[in-house]
Amino acid sequence: MVFDLTEEQRMIQEMTRNFAQKEVLPKAAELDETGRFPEELVRQMAELGLMGVAVPEGYGGAGMDNICYAIAMEEISRACASTAVILSVNNSLACDPILKFGSEEQKKKVLVPLASGRHLGCFGLTEPGAGSDAGSQKTTAVRNGDHYVVNGTKNFITNAPQADTCILFTMTDKEKKHKGITSFILDMKTDGVTVGKNEKKMGITASATASIILEDVRIPVENRLANEGDGFKVAMHTLDGGRIGIASQAIGIARASLEDALAYAKERKQFGQPIANFQAIQWMLADMATEIDAARLLTYRAAWLKDRNARHSKESSMAKLYASEAAMRASVKGIQIHGGYGYIKEYPAERHFRDAKITEIYEGTSEIQRLVIASALLKD
Amino acid sequence: MRFEASEEQAQIRDMVRSLARKEFAPKAAQIDEEGRYPEENLKRLAELGLLGMLVPASHGGSETGTVAYAIALAEVAGGCASTAVGMAVTNMVGEGIHRFGSEEQRSRFLPALASGTVTGAFALTEPSAGSDAFGISTVALRDGDAYVLNGSKVFITNGSRAGVTIVMAVTEKEPKKRISAFLVLPGMPGFSVGKPEHKMGLKGSDTVSLSFGDCRVPKRNLLGAEGEGFPIAMTILDGGRIGIASQSVGIARAALDAATSYARERRQFGEPIASFQAIQGMLADSATELDAAELLALRAAYRKDAGAPFTREASVAKVFASEAAYRACHRSVQIFGGYGYIREYPVERHLRDIKVTSIYEGTSEIQRIIIARNLLGQGRR
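Residue numbers (my numbering), protein chains in the order written: chain A, 1 to 380; chain B, 1 to 381.
Hints listed in this document are in silico derivations from the structure and should not be mistaken for laboratory results.
Possibly wrong hints are sitting among the right ones.
Said to hold, decoys possible - Derived DSSO-like pairs: lysine-lysine, alpha-carbon spacing no greater than 30 Å straight-line:
no.: 1; chain 1: A; residue 1: Lys-357; chain 2: A; residue 2: Lys-197
no.: 2; chain 1: A; residue 1: Lys-379; chain 2: B; residue 2: Lys-27
no.: 3; chain 1: A; residue 1: Lys-379; chain 2: B; residue 2: Lys-22
no.: 4; chain 1: A; residue 1: Lys-233; chain 2: A; residue 2: Lys-138
Every value quoted in this text rests on a predicted model; they were computed, and no experiment measured them.
The whole structure should be built from the sequences, with the hints applied where relevant.
Now the structure itself:
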């Protein structure tokens, strides 16, 4: 057992922390308020190599490990959870499946621009009728010579309006249920692809969320990712990695809640002394810090296993489940410590609460994570 | 970061796991029922070098480090929680003497503690000084080449059989209260042991009160410098908390394993209850929280071995592990339903045993205050 960060991990922590503090944090309230897509921050993150942290340099990435990725996600989320999810989707849900399942040609053609940040990716799995039940895909792909014809609708797709590339999931053989799902690399400029209007959300408002409507979209066979029928496997593997990103996002939000509450508790005086002197406040701070530590260790463990190509499905689910629920609890405590001010937009505490909520829902709800974990336990 | 045990740590884990499952677990119910001290278990631990894991080889210890100690303690606790606490306290006392004792004290006590011929105890708590440990009133007055101790201690684990007890007593009241640590041995005049406490759980562990009536302790038995007892006690407890966190994880894993097997076998509504989401959710929450608890305990152990500050990390591990373990044991009883309440199954014992882990070696409430002060930049680091 070793619980120290490597030199490289420490370096990226320092680099992303500085960047997040100086460039991202000052804009977070404005981004939340206006719901503006932070294009300039995405460009800056690309310059820092953050759009493909764990992608080898040969494919346009930074060539670091997944703990570095978790660290970068936490630091960016500490400043702005909206900006962080843009990063997470590109790294985990667009780059990673191409790296793992793509052909050499697909990697050169699609992964390089995604990992280097010239292109932005999105992930089209969820549909209006397929949320937790991801296997019940209604979008169809029918082979026709050297291409497939795709029809259907994807829902709640992060980055959809800005994305150049979508990892798309379709049903090619309904009889086989989830074994009839096939994944594609879709160029978003293809004829027949329409992006719906941006959803208005409770939190992470500056990240764009929209539906994708696919009408007779022709996708060349060479853009199929993995074999026909492998799509569900691709999706589940991809989400195992994605959950490390979301767990890290949750940790960043929880840390923001804690650090803001800590600063406030030291300054705010009631009954003639700083409220940080009261045990009731100290307890809340202690619980927040304890649970953040627990969440971070679970997350680093999952990332460490992923780097070793070891099974990490259960561990990623544990990290995501625990971190997201800890973030929710931390953000409620953060508001509570601020009292009435916590409910006012002048302070960031209420934004952290709104941002934290989504981490318990997307990339697999808490309920789905518990089923993944239990099924692994019962198999042992 | 490396999330796997070293070869030596893995060997220790496998060895202790097999010992705990084959030899300790089958007797745990009987030990609990009779409230019998599991002497034979402690003897086995001594033979395997598990009572002096934090003591250097030069003084008879196995010197495996705290990570291996935490791993071993969790495995022992999974078999028998009473055995684990006996093991934890002797290891802790050995480490305290190694760290703060003179060379003479080390040679006198460490080989005996590590080989199991002598059991260790740690006496800080008093009837009126629990969480407020600095409020102890046992006094030690210097008289020639000895100190004369007067007062009493309560809830002392291993107290009736200890060959050496680290006793905290006040050596100076004014102008500034100062506490010193003493090595008290059985047979010292004026030292007596009260009757065993009847406890909710950990019934095989030995818990007694100690009394000191003009008890003369030779000056050579002063541990560390005079007046340095409180920081010594706090440092010993920092390490002790890693042990309790590990004990918690071990007990709760046993409860989770029992509940998982039961859920696979028990059929209701025509299918194993493991197929119901309500049961799956409970199992998943327990497994998740116990993994987190284990990682927190091992991180604190790692920092201690590396010589890094670990006060906050030990408190984080202790409060999280003991409370997560309590929840896991509670869920396990729930999964067993009515059978969980019956002594034929082990989970009610796990629930009784686990309760003390959020109380002793610093209550959860004290851990939270330590963590908060640390966050606020006020605490020891």
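* **Holds or violated: Lys-379 of chain A to Lys-27 of chain B, with C-alpha atoms at most 30 Å apart** => 29 Å, holds
* **30 Å limit on alpha-carbon distance, applied to hinted pair Lys-357 of chain A and Lys-197 of chain A** => Within the cut-off at roughly 22 Å; holds.
* Holds or violated: are the alpha carbons of Lys-379 of chain A and Lys-22 of chain B at most 30 Å from each other? -> Holds, at roughly 24 Å.
* Hinted pair Lys-233 of chain A and Lys-138 of chain A, Cα distance within 30 Å -> The hint holds at about 17 Å.
When the structure is compared with the earlier hints, no violation turns up for any of them.
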